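Number of protein chains: 2
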Amino acid sequence: MPEYSNKDVSILKAFGGAVRDKRKALGSISQEELADRAGVHRTYIGGVEQGRRNVSLLTIIKIAEALAVEPEDLFAAMPKPANSAGSTPGRSA
Amino acid sequence: MPEYSNKDVSILKAFGGAVRDKRKALGSISQEELADRAGVHRTYIGGVEQGRRNVSLLTIIKIAEALAVEPEDLFAAMPKPANSAGSTPGRSA
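Chains as they are written, first to last, in the working numbering: chain A, 1 to 93; chain B, 94 to 186.
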């Protein structure tokens, strides 16, 4: 696994949290079920949700389709970093 | 370059078109200027805009930041495929 900056890790984790939230919103289907629907490996979704995968555009689209959301909904669901403010980002619950 | 399905090519081109549109909207900065701002190689943005790059999540975020838009704005600007309708998808202009 490549070395990611703290900012990159925050982004990957924020995206993973958004995927998890949308998956739970979809009647709590399992990671394996989502992987099957998206046509990716069964363990891949777990890696995405944990922020360990720098997902590609085409896979983002597949995951969004499998979640029955628009890709922009996934991004809109990412907690925004506290860009210039002094507050700590906080973990997405 | 990997072989992409027609659908994948459509997605990559739609994303590339959205990047181009946002770049033009940003006072028509050059691809090279955008690349510099995003911290990617000077030729990379050209490849993205032509739909030849399956951009990663972290690079999508960098490009959005360099374009001064939210990543969801890039996705929302992608022309939507005619998912279930009988019409042919059509090329994004």
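If you are wondering where the hints come from, they were derived from the structure by calculation, not from laboratory data.
This structure is a prediction, so every number in the text was calculated from the model and none was measured.
Where hints are given, some of them may not hold.
[To be verified] When the alpha-carbon atoms are kept at most 20 angstroms apart in a straight line, the in silico SDA-like pairs for lysine to any residue are as follows:
hint, chain 1, residue 1, chain 2, residue 2
1, A, Lys13, A, Gln50
2, B, Lys100, A, Thr43
3, B, Lys155, A, Ser10
4, A, Lys80, A, Glu33
5, B, Lys173, A, Tyr4
Going through the hints against the structure:
1. Taking the CA atoms of A:Lys13 and A:Gln50, the gap is near 6 angstroms; set against the 20 angstroms cutoff, the hint holds.
2. With a C-alpha separation of about 25 angstroms, the suggested pairing of B:Lys100 with A:Thr43 is violated against the 20 angstroms cut-off.
3. Note on B:Lys155 and A:Ser10: the hinted pairing holds, with a Cα-Cα distance of about 13 angstroms set against a maximum of 20 angstroms.
4. Restraint check for A:Lys80 and A:Glu33: not satisfied, since their Cα atoms lie roughly 28 angstroms apart, outside the 20 angstroms limit.
5. Note on B:Lys173 and A:Tyr4: the hinted pairing is violated, with a Cα-Cα distance of about 32 angstroms set against a maximum of 20 angstroms.
The structure fails to meet hints 2, 4 and 5 from the earlier list, while all remaining hints are met.
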